[in-house]
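Visitor: Now for the letters of each chain:
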Amino acid sequence: MLNINCPYCGDRSQKEFAYGGDATVKRPELNKEVSDEKWNEFIYLRKSPRGKHIELWHHIAGCRQWFKVQRDTVTHEIFKTAKMNEEIK
Amino acid sequence: MSQSYRLKNEGLINRNKEIIFKFNGKKYKGYEGDTLASALLANGVHLVGRSFKYHRPRGFFGAGVDEPNAKLQIQLNGHSEPNVNATEFELVEGVEASSQNCWPSVEFDIGAVNNFLNRFFPAGFYYKTFMWPKSFWYKIYEPFIRKAAGLGIASVEKDKERYEHKYEYCDLLVTGSGPAGLSSAYSAAKNGAKVILAEDKPRFGGSLLTDDVTIDNLSGKDWADKIITELKEMPNVIVKNRSQVFGYYDHNMMVMFERTGDHLNDKPKYTPRQRLWYVRAKEVLLSTGSIERPIVFGNNDTPGVFLSAAAKEYIKVYGVLVGKKPLIFTNNDSAYETALEFKKQGIEPIILDTREEQSSELINSAKNQNIQIKFCHAVIAANGYKKVRSAQIGKLNKEKTGFENIQTIECDCICVSGFWTPTVHLASQSGNKLKFNDDIDAFIPDKSKQNEKSVGASNGTFTLKKTLEDGFKTGFEVSKNITNNNISTSTPNSNETKKSVHDKFWCSPLPNGKNYKRFVDFQNDVAVSDIEVALREGYRSIEHVKRYTTLGMATDQGRTSNLNGLQLVANVEKKIVPQVGHTTFRPPFTPITIGTIVGREIDMEYMPTRKTPMHTWHEKNNAVFVDAGAWKRPRYYKQGNESLFEASKREAKNVRDHVGICDVTTLGKIDIKGPDSAEFLNRVYTNAWLKLPIGKARYGVMLREDGIVMDDGTTTRISENHYHMTTTTAQAANVLSHLEYYLQIVWPELNVNVISTTEQWAGAALAGPKSRDVLAKLFPNLDVTNESLPFMGYMEGDLFGVKARIFRISFSGELAYEINVESDYGLYMWEKMIEIGKEFNIQPYGTEALSTLRIEMGHVAGPELDGRTIPYDVSLEGLLSKKKDFIGKRSLQKEAFNKNDRQKIVGLVPTDKKSSIPEGSHLVLDKNAKLPNPKLGHVSSSCWSVENNNPFSLAIVKDGKNMIGKKLFAVSPLKNTAIEVEIISSHYVDHEGKRVRS
Ligand SMILES: [Zn+2]
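Line order of the protein sequences matches chains A and B. For what it's worth, my numbering labels the leading residue of the first sequence as 58, then goes sequentially. For what it's worth, my numbering labels the leading residue of the second sequence as 456, then goes sequentially.
Worth flagging that the hints you see were computed from the coordinates, not collected in a lab. One or more hints might be untrue.
Here are a few chain A residues that face chain B, going by a calculated C-beta distance under 7 Å [unchecked claim]: (1) Asn62; (2) Cys63; (3) Thr81; (4) Val82; (5) Val91; (6) Trp96; (7) Leu102; (8) Thr130; (9) Val131; (10) Lys140; (11) Met141; (12) Ile145.
Think of the CB as a built atom: it goes at the ideal place given N, C-alpha and C, for glycine as much as any other residue.
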């Protein structure tokens, strides 16, 4: 069970969180033309990297904030967590 | 039987407390502080079971977690538990133990013919023998394997014991209380760290309990007692015995199994039997010690063959002799300690040492005591069937590949030592790739992947002096990094006998013409010859050899067999052990009970129960409840002998004819506030939301980004920037997360806040032609006429002193209202409504009638919004705005979503107007067509239409819009039905929706 450092609440057990997928995916803007290909990519295509991955987690049993986690998909090591408006490089 | 193998003065057992117990039906005596194993050995009982495959007689081999043989069925306090390790089970009054892998008895076992047929039981035996014919599996092979190879018998009774879970956090978790664990825990604790020290056994001290050493001029045991006493008094330390850390999970989540009640003769009622600890430790120190490994020789599984350290532990801890004519067989010095302990008790051991004649402190002291030592000697085979009677021994040739002269010597036990294997299971579980250490012929931890360190024997350190130094130093350093304190504790003086190096002898060769079985893995009955077969058949990877032979796959995880197995593979393959590699260790380190994993999460505590404020009223009025997620909802209110079908029909009919009341508290409710709320709703819902007036509700549909319908519900504008959203009961949590996702991530510029208010409001739906009459009496000061409170209108009112929200919305297709009050007043509201509604024939209705009413109306719900339907499929395409963008809109352009023959919702009536159509039935053209019969659609919801008095169903069917009027068959192979149905509109009642607006 992972130990996740919520940027709002601090260290909490994985039990309190829900996973939200790749955090680098950006939704195409509203009311703009989007090609089939771009939309398809947004809806269905995700990278599944071995190693570092920036992903979303939601503190559902806590502050209910979504935030970013940089995690190694092999070792589960968490390098960094950040609020949505903060950068993870 | 008297305890004829019990020593007079030795041991840590409590001789003042005698305990009577039974084994295989016979009564024995032992003492408090005994294990089942030590008590049986005190009585001279060695034969405890039969082996897994060959049904050979087996006895005790180890003295703790190392035991591969003595797995017993235990009866205690009316419950029965299989596969209990007799070397770990603490003796309690009244326990009845029995051997489990034998039939009809351990003394005479029919399966033992397997032993004589053993050439039919080679490696891969199960794969080869039980291959075909397939039909033989269930009736012949499986029962045979189960009967012949069955371990214990699992109880089918409900487990009445109590189990608990506990969560704990600490700076440092220390696993094992030998010298390494004690010293590191002590120095870390002294430096202010929050420490948990966990010891698997009942007694603290590990090897200090049996080794002839001194620390700080105290005996090992006295020093351990002193340190434990001090640790227990420190507020920053938790000291736990009978606690096995068995799992190392991500981010230093350690899971520990504590035996809290098993050892108590009179367990208090609320003391749990066992407890599972989840410990999140900043650092973990693995001081798990080492396990002696055997030397492999012929018939080495005969009862009476022991690990030499186990024999020593039986003497020192339990005051029990495992034999009175011991033969010690070793390739190193440590077995000399066992010999010396025997000698102290007036027993004359003989030592066979595989090494050349040499001297060391220990060897010399054995020589000085006139113990007979035969260097360059090995045991070839044990003689005796149910007990060692003698041993065939021989002088090894120079290359140690054969014997020069062979003789038989009498003995009643063989204590074997093939050096030590560090217990690296937890380190391996943590992700630490192990490395091979040539000096000790074993794997030790390499680089840490998590915050863990191994200290002492588990790290390959086999001297006390170095172990203590490392322990004190590591405890200090680790704690310093956490606490920033700088209080170091100096390492005490210690004394131990020096040992010379071991040799690498691990398996006695077979003399010419002899074909003794030489076991590597006792628990899974894997012999040298089995592994050789696997290699001959081409298995190379150690992982494959393991699975094919089952080497190391038993519950003892190969604690005494792994390295010898690897050594054998290496020899045959002409490799060295590190080239062969090792298999991965996985939790749990020792078997744990299912009860512990479950803990208190059973029955009522399986998950939280959500009850509405009106729950007690429902109970009093014979409600039969149904689970809706964690909620309990009335399914129907039973009158007399009514069936579900009769009751729901009555309740639904009463709504259509008069007025009904339904508890709708469970609907998800979300409060939405902020100046951009309207804009936000406009993006979330498919229809237009910018112009909803204050005091009006609107029905809305939300999609996922992929165009699939996510949920539906009504949202009401309470004031300028304040909305009240409802969701379905099932999707309440998902919808809230969905809204938060868009507000926090996609459109953070929108000034909107959302919060769940599901628990804050109690809700009651009032439905039926008479509902307005009831409403008018409930709110005499309000104008509730159709003009003042039209369909989709909203009002606030005073319900006999309680503030209430009134929504004119309908889920039943009738004139209907939903009234919300703060939860605390829910029951008050409900009782008022029932009281006032009496004269209008009000009746409560449950979820079954609720479904009937919505199905008749063609109103979609969960079964239609099943994660596969787009708005068109469920006839919600009219709610798709063309003027604005919304979540999921772009996906609706997908080609597949716009095909002409796209699936669509329809209504179904059986042509005989009688047969109920099972939900889930498939719609097909020809009920007799060859399989697979092409499926045109499926039945999503079924009811008995109270309006038309015949069955009616909703279905989603291919090209639904052109199917009206056609006939199909609804087939359900599960229920063995094939019903002819006519396809009609999904709106079976009140097509134009007049009633809701009346
Ligand atoms: Zn949080």
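Visitor: Look at each hint and say if it fits the structure.
Guide: Hints versus structure:
no., hint, result
1, Asn62, "violated, 10 Å"
2, Cys63, "violated, 13 Å"
3, Thr81, "violated, 11 Å"
4, Val82, "violated, 10 Å"
5, Val91, "holds, 6 Å"
6, Trp96, "holds, 5 Å"
7, Leu102, "violated, 12 Å"
8, Thr130, "violated, 12 Å"
9, Val131, "violated, 9 Å"
10, Lys140, "violated, 9 Å"
11, Met141, "holds, 6 Å"
12, Ile145, "violated, 14 Å"
Hints 1, 2, 3, 4, 7, 8, 9, 10 and 12 from the earlier list are contradicted by this structure; the remaining hints agree with it.
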